[in-house]
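Based on these hints, arrange chain B on the given structure of chain A.
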Amino acid sequence: MILVIAARELRGLFLSPLAWTLLAMTQGLLAWIFLILIDEFRGLEGRLVGLDPMPGVTDLVIAPLLRVAAWALLLLTPLLTMRLFSEERRVGTLDLLLSAPVTPSEIVLGKYLGVLTFLLGTVALIALMPLSLAIGATLDFGKLGAGLLGLSLLAASFAAAGLYLSTLTAQPAVAATATFGLLLTFWIVDLAGAGQGAVSPIFNYLALPRHLDALLLGWVQSADVAYYLLFSAAFLGLAIRRLDNIRLQG
Amino acid sequence: MEESRSHDTARRKRTLVKNAALMTDEILVQVEGLTRSYGEVRVVDAVEFTLFRGQILGFLGPNGAGKSTTMRLVAGVLAPDSGRITINGVDLLDEPLRAKQSIGYLPEQPPLYRELTVDEQLSYSARLHGLSRAASRQAMARIKQRCGLAAVGRRLIGNLSKGYRQRVGIAQALLHDPPVIVLDEPTVGLDPIQLREIRDLIRELGQDHGVILSTHLLSEVQATCTHVQIMRDGRLVYAGALAELEQHQQSTSLRIGLQAPPPVALLRALPAVEQVEDLGQGRFRLHHIAAAAPTQAVLEQARMGGWELWELTPEHAGLESIFIELALEREVKR
Numbered sequence: 001m002i003l004v005i006a007a008r009e010l011r012g013l014f015l016s017p018l019a020w021t022l023l024a025m026t027q028g029l030l031a032w033i034f035l036i037l038i039d040e041f042r043g044l045e046g047r048l049v050g051l052d053p054m055p056g057v058t059d060l061v062i063a064p065l066l067r068v069a070a071w072a073l074l075l076l077t078p079l080l081t082m083r084l085f086s087e088e089r090r091v092g093t094l095d096l097l098l099s100a101p102v103t104p105s106e107i108v109l110g111k112y113l114g115v116l117t118f119l120l121g122t123v124a125l126i127a128l129m130p131l132s133l134a135i136g137a138t139l140d141f142g143k144l145g146a147g148l149l150g151l152s153l154l155a156a157s158f159a160a161a162g163l164y165l166s167t168l169t170a171q172p173a174v175a176a177t178a179t180f181g182l183l184l185t186f187w188i189v190d191l192a193g194a195g196q197g198a199v200s201p202i203f204n205y206l207a208l209p210r211h212l213d214a215l216l217l218g219w220v221q222s223a224d225v226a227y228y229l230l231f232s233a234a235f236l237g238l239a240i241r242r243l244d245n246i247r248l249q250g
Numbered sequence: 001m002e003e004s005r006s007h008d009t010a011r012r013k014r015t016l017v018k019n020a021a022l023m024t025d026e027i028l029v030q031v032e033g034l035t036r037s038y039g040e041v042r043v044v045d046a047v048e049f050t051l052f053r054g055q056i057l058g059f060l061g062p063n064g065a066g067k068s069t070t071m072r073l074v075a076g077v078l079a080p081d082s083g084r085i086t087i088n089g090v091d092l093l094d095e096p097l098r099a100k101q102s103i104g105y106l107p108e109q110p111p112l113y114r115e116l117t118v119d120e121q122l123s124y125s126a127r128l129h130g131l132s133r134a135a136s137r138q139a140m141a142r143i144k145q146r147c148g149l150a151a152v153g154r155r156l157i158g159n160l161s162k163g164y165r166q167r168v169g170i171a172q173a174l175l176h177d178p179p180v181i182v183l184d185e186p187t188v189g190l191d192p193i194q195l196r197e198i199r200d201l202i203r204e205l206g207q208d209h210g211v212i213l214s215t216h217l218l219s220e221v222q223a224t225c226t227h228v229q230i231m232r233d234g235r236l237v238y239a240g241a242l243a244e245l246e247q248h249q250q251s252t253s254l255r256i257g258l259q260a261p262p263p264v265a266l267l268r269a270l271p272a273v274e275q276v277e278d279l280g281q282g283r284f285r286l287h288h289i290a291a292a293a294p295t296q297a298v299l300e301q302a303r304m305g306g307w308e309l310w311e312l313t314p315e316h317a318g319l320e321s322i323f324i325e326l327a328l329e330r331e332v333k334r
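Those sequence lines, one after another, are chains A and B. For the first sequence, the working numbering gives the first residue as 1, with consecutive numbering after it. For the second sequence, the working numbering gives the first residue as 1, with consecutive numbering after it.
If a hint is listed, it holds; no wrong ones were tucked in.
To spell it out: a stretch of chain A is covered by chain B in this simulated footprint if at least three of its residues, at any positions, have a beta carbon under 8 Å from a beta carbon of chain B; those stretches are:
no.: 1; segment: 1-15
no.: 2; segment: 87-95
no.: 3; segment: 100-113
The set of hints was computed from the structure by calculation and includes no laboratory data. Just so we're clear, the structure is a prediction, and the values are computed from it rather than from any experiment. Using N, Cα and C, we set each Cβ at its ideal position, and we do this for glycine too.
For reference, chain A alone in the conformation it holds in the complex (with noise of 0.2 Å):
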């Protein structure tokens, strides 16, 4: 059941010509990033020899790459997510899945495997970029591989939040603002945590790029990891008691 709700989700988005729109500027923007970067890295490549550790393309290139992706996500997904919940309650269509045979929780389930498969396609698509220095250079595949996770947790993230606010109004583009608002909350957290209180380390742990960080350099802790999966878990709870709530409040 909650394949059959993910695979309409995800077909949804493909008839929409905003999915298309959103993806060719994430690839438009990223490949220019892209290629500055790596005419910034021939430029220094004489003067990295000799350093202890000598810094590949991947640090200098792909980190950096998938530093800007995650900006990227962080713009692109509150659009993807606005229309989750809010499109079907404006136009009526909840209704359908509120009397079919199936839980709250395959619905919130079901929506947020289409639209993550939509994300982690992206995430693909974004991949591409510094794969193709395979050919010409010796990539750290380790590293890559941790950046990619990395990527694509926190697009997970952002995802889980997204449909979250989207089931809260059935207005999209309120459901889109908030969202951002939300993100951007968690993403700027850290900076109050720059100061020298005993409750910086707290801001410091809820911050979602800190956790990004030690991934980009390769670093897979699974506190990393496990704080994104509460993250989306978290998020997904909230929206199911929301539909649940939906039916009770109407």
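For chain B alone, coordinates are given in the frame of chain A:
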């Protein structure tokens, strides 16, 4: 128009007789003490009814009477504050998944994705209701034939006319062959031809399913339903079989028009006449006892007395009068 209506009535009578023959004691929907409020406003108040297989139950009432909310509650889209709903023997609140399997629901706004084609929409809905791929293909072919959608399978729903969308919505509610069909205002926005087609379809469905539909149109109920429930301010104010109602409400008055009217006392003296109402310009309304209409007497007297009769109409006080009475009662209360 008059002709088509009488044609409709005749057809309805035929199916009614058929329905009566098929009607079983199998209870499909049992609703007890159903109550639901939005904030302070009690929209549905202690509603109770029972639906048997072979019945078409019409919920009738002015706008805002709580019909749609009742439909949503029965379909499980909305949770009641209190009360019990049993669908085909399964409690909707305790076992929602199993109960919902037995319901086909068409909301006021057909829940259709504009960007999908009719086939895609129907197959999605079928799969959502647990049909296998092969079973959904079969069901789709059958339902599309039945609802007249065979030619538009590959069209986008966004490009279809309102009438066709309504049909897709109904088809979607029937796909998994549920014993209970809940239709919220199924004929809104249809043209007269589509209207007749959909009504025929509903009557046909009523033969082997239990159908609940809501409407604010009397003609709708008279054309399709076997039973009627009238709602006002969230309460049921009348419930009964339509045939029963019609028997009670056989013509009890006769409207006549006379070129040369006699004194009223003469009309009053006609057999079975209880009261005479002067409507002016030679028109009279003769109220008579229900069992015997004084039609023959009027004709005879008019000929003999030279009254020059030019109109003779038996007047039916049908559902309409009950409905208006109830609606007026509300006005008075306010």
